[in-house]
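In order, the protein sequence lines correspond to chains A and B.
Numbered per the numbering used here, the first sequence spans residues 1 to 268.
Numbered per the numbering used here, the second sequence spans residues 1001 to 1263.
Since the hints were derived computationally from the structure, they do not count as laboratory data.
Heads up, a few of these hints could be off.
Below, computed lysine-lysine pairings styled on DSS-like, alpha-carbon distance capped at 30 Å [unchecked claim]:
1. K207(A) / K1050(B)
2. K228(A) / K207(A)
3. K1050(B) / K228(A)
4. K1204(B) / K1050(B)
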Amino acid sequence: MMRKALLIFRLVFMERSAYRVNFILEISGGILSILIVVFLWLAVYRSAGRAELGGYSLAEMITYLLGGGLINSFLLTTAENPETSQAIQDGALSNLLIQPIHPYWVWLFRDLAAKAFLGVIGLAGYAIVSLLLNERLIFLFDPLRLILFGVALAAAVLLQFLTFESLNLLAFWVENTYGFRFTLRVIMEVAGGAIIPLSFFPALLQKVFALLPFPYLVYFPMRIYLNKIECADILPELVRAAVWMAGLAGLNAILWNRGLRRYTSMGD
Amino acid sequence: MRRYARLFMLLCKVSLMRQMAYRPHFFLMVFGKVIRMVLLLLFFQAVFLKVDRLGQWTFDQVLLLFATFHLVDYIMSITFQRNLSYGLPALIQSGNLDSRMTLPVNPLFMASLEDIDMMDFISFIPCLGLLIYALHRLGFAFTWLQAVMYGLLIANALIFLFAIVLIIAAISFWTTQSAGLARVFDDFTRVGRYPLDIFEGFWKFFFIYVLPLALISQVPSQALLGALSPGFLLYALAISGLLAVVAIRFWRTGLKNYSSTSS
């Protein structure tokens, strides 16, 4: 399995490298959008004339936005990929079914590889921006927190995959799943905390967001990074994220099994 | 002129038929776009929970700016944006532009309006509602002249955007690739959603004089609020006019240079 996974990783990296210019432009666009929001917050802090807003100092806010931007645009948003839907719709799934590896694993590894690829390019882009904002950024040195941050990121990556994969699998029933994925992505960006820390929203909205798995995508890892959550509170949150993952994985399994029974593939 | 109006209606109809082929998809996309606007609005509200002004701008004024930006942005995306930014380079690359050039209509008309985005047209309606809500919150406190200026400057913003989008798209006559650059410009235009007061020094200068994104929503909003100086009004009109002339020339030169090679 490990060898197959590595092979898939290598293939995806090769495919993606063929369109480097496109990715670099896309990532520049993402960074630009984040910079605009950084400017906005600089102005908000200036206007407010206070060192802290909503429990965040300016440095914390800028770190949050850049970190959240990195997680959002490269690990979560950009990698929202249509491969599963496409394979089901155009019949490429038939070909995958006869391979010596389960299609679901192929899609998972391809998704992880795409995220890793975008993550590497994104990290380079954000590193350059970080140099410019160096004095305003907060760096984390506590090894325990760094490890927990890493675990939370891994959970975010999997949660995002499982959520979107359950929509992708709807392709067994509906002709076009893009509408579902687009709508969910829009909600995910805000409810995940990619644009602003969730604590800035009115209390009612915060409660609604907390019912969704999305706060685990950006808000939770960034809270760990910025020391906004006690170490002791992190573990229960991770368990809750794991429950979400298990639930979504179960849903995926049901959709896959039911869907495959309906699946017909016609030739041209 | 009437022929073009009829042709435009026909293009709308064909686009609607094509985009409605998957009906649930169509309405889900509209729903997603409306949700996106609502969530962005919530974001602004969250900001204004913490401050009562952004630079000189109150929440109601920012609401007007926001609605104006999306009004312009929607009109652009319903009509020419995707056709020019992504459609034209593809037509040039594939050589399919040939078939459009042989039609008895202006090639620029076809290149910019071939595919009308009816999803955005439906999502545009709540945006109009938002504009009316913003005006209501401002107590409709403007004169007829200010309202006329507002409309004029929105048209001016569209000419400005059309010119830049056309210039970027026409680059593909030489390079066959410009979609990446178009996307970066698209990201840049989002600056127009915020009052320029958030920028200081160099960047403020940049967005007023170098890449005058202030023209998109700030200038029309200021006109409606009665805060636009005559100098700025002339400047805004001059820039768009000048850019439009340059863009049309550039497009014509590009068209002459078009080699019609296909793969």
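Okay, the hints, checked on the actual structure:
no., hint, result
1, K207(A) / K1050(B), "holds, 19 Å"
2, K228(A) / K207(A), "holds, 18 Å"
3, K1050(B) / K228(A), "holds, 19 Å"
4, K1204(B) / K1050(B), "holds, 24 Å"
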